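> Read off the chains here:
There are 2 protein chains.
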Amino acid sequence: MLKVVVIGSGNVAQHLIKIFKNSGQINLVQAFSRKAETLLHLLEKEKITSSLADIKDADIYIIAISDDAITGVSEQLSFKNRLVVHTSGSVDMIQLDPKNRKGVFYPLQTFSKNKEVDFSTIPICLEAEYEKDYLLLENLANNISKTVISINSEQRKALHVSAVFVSNFVNHLYTIGDQICNEHKIPFNILQPLILESADKIVKLSPKAAQTGPAIRKDQKTIEKHLDFLSDENQKAIYTLLTNSIQQTNV
Amino acid sequence: MLKVVVIGSGNVAQHLIKIFKNSGQINLVQAFSRKAETLLHLLEKEKITSSLADIKDADIYIIAISDDAITGVSEQLSFKNRLVVHTSGSVDMIQLDPKNRKGVFYPLQTFSKNKEVDFSTIPICLEAEYEKDYLLLENLANNISKTVISINSEQRKALHVSAVFVSNFVNHLYTIGDQICNEHKIPFNILQPLILESADKIVKLSPKAAQTGPAIRKDQKTIEKHLDFLSDENQKAIYTLLTNSIQQTNV
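For the record, the sequence lines run as chains A and B. Per my numbering, residue 652 is the first one in the first sequence, and the count goes up by one each step. Per my numbering, residue 652 is the first one in the second sequence, and the count goes up by one each step.
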């Protein structure tokens with residue numbers, strides 16, 4: 652059984668701990684958290700350490716912490732020549748300390764503390780310095796996901812930027828929709844079927860083919876009505892920029 | 652059985668024709684299209700007319716055509732004192748000609764020609780001048796959808812603007828994600844689970860609570876890396892505006 656240590660206690664770390672614990676195929680040896688209590692709802696006390704010096708032997712060490720802290724923590728590890736990976740979409744593999752063998756284990760998903768996810772549907776993007784390490788990571792990833800893919804650091808950066816557009820920014824547009832509904836005493840949940848269908852559509856159609864609405868129809872009258880209707884300057888600016896962008900993309 | 656005539660041949664009209672035909676509870680008397688051939692794959696020839704003067708008797712006439720044409724077509728109808736509704740999110744009920752009883756039958760969904768939708772999940776937003784007409788519309792709507800809601804013209808406008816943000820603009824962000832993936836030879840479909848999860852999340856969490864990513868973390872380093880990475884000026888402008896907007900919304 653693959654022996655794994657998870658270093659971190661945030662959203663990604665906690666989701667990984669849960670899935671490794673439940674897989675039955677992976678030996679989650681230990682987890683590291685500066686504050687042990689943040690993981691006590693997931694793991695018995697003996698499996699949690701708050702000292703980097705006390706980290707146990709394992710096949711794979713997964714650093715799942717904030718981007719800025721990855722290099723520093725990889726430097727503070729007291730062992731050498733082992734496989735140490737991070738889980739970040741935007742950090743190059745080479746930012747890991749060279750005393751250990753480097754790799755990346757990037758689950759392409761958005762994790763919120765209070766929302767369970769089906770890990771088997773999450774693509775896991777892998778990178779490793781050495782072929783044998785890639786195979787180790789692949790073995791680990793195949794145990795928890797149906798989609799495992801080799802992605803180099805440059806591609807991962809592109810993927811991460813794309814993910815910001817299709818997930819973080821998309822969620823912000825949901826927030827604006829929610830604000831507008833609230834202002835007019837409309838329950839936001841009546842927009843949910845539309846939101847789900849808009850996401851589901853692009854499983855079958857390319858996003859370009861799926862584009863609808865006043866912008867692509869060049870329906871200037873509706874566009875002006877909408878801009879008139881909006882009172883928030885920030886919402887107006889977003890409406891204008893995205894409308895122009897749709898029209899430029901689809902000439 | 653409720654007798655219905657659909658006036659129009661676009662996406663919304665075609666979806667309505669299909670669902671009325673299949674409901675078993677509604678008598679779709681006739682459909683009007685300037686070009687009869689656009690509806691021949693859905694209806695027998697005898698049920699299609701291309702002359703407004705030949706429209707038959709019915710309980711409800713549904714005008715499902717482009718916003719700009721609604722008033723004109725409602726004026727050209729040769730009958731009086733019947734219930735005539737439109738399906739538009741952004742046209743006031745009073746823009747219908749006053750010689751007939753006015754109403755609105757607005758299915759809140761995005762319709763594409765090549766994508767089937769489950770009509771029963773689509774909220775239908777109703778408005779009518781007279782109580783008895785509202786009940787007729789409610790009867791019709793309840794036959795095809797689980798969610799029927801009374802929405803006045805002002806609220807419908809707000810709903811339509813919200814829908815542009817959470818559907819049309821969201822789809823454009825998918826398009827940008829697709830462009831970035833293409834440029835870097837990454838299959839766009841590995842973003843699909845992320846896209847579906849981001850939509851699914853807000854069924855359980857408010858969009859504000861669901862917000863993740865570098866903007867809300869105020870992770871300036873990642874934000875700058877991303878802006879550096881993007882070469883398209885339009886994509887940069889959208890990235891900057893939405894990042895600022897997330898940070899302003901969540902102070």
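Hints may contain errors.
If chains are identical, the list can't say which one is meant, so a pair holds when it fits in one copy or spans any two.
[To be verified] Think about it this way: if two alpha-carbon atoms lie no more than 27 Å apart in a straight line, the pair counts; the simulated BS3-like pairs of lysine-lysine are: (1) Lys-696 to Lys-836; (2) Lys-869 to Lys-686; (3) Lys-855 to Lys-836; (4) Lys-855 to Lys-876; (5) Lys-686 to Lys-766; (6) Lys-859 to Lys-887; (7) Lys-669 to Lys-797.
Treat the hints as calculated values from the structure; they're not laboratory data. Note that the coordinates shown come from a computational prediction; the quantities given were computed from them, not determined experimentally.
> Please name the hints from earlier in the document that this structure breaks, with their numbers sorted from lowest to highest.
1, 4
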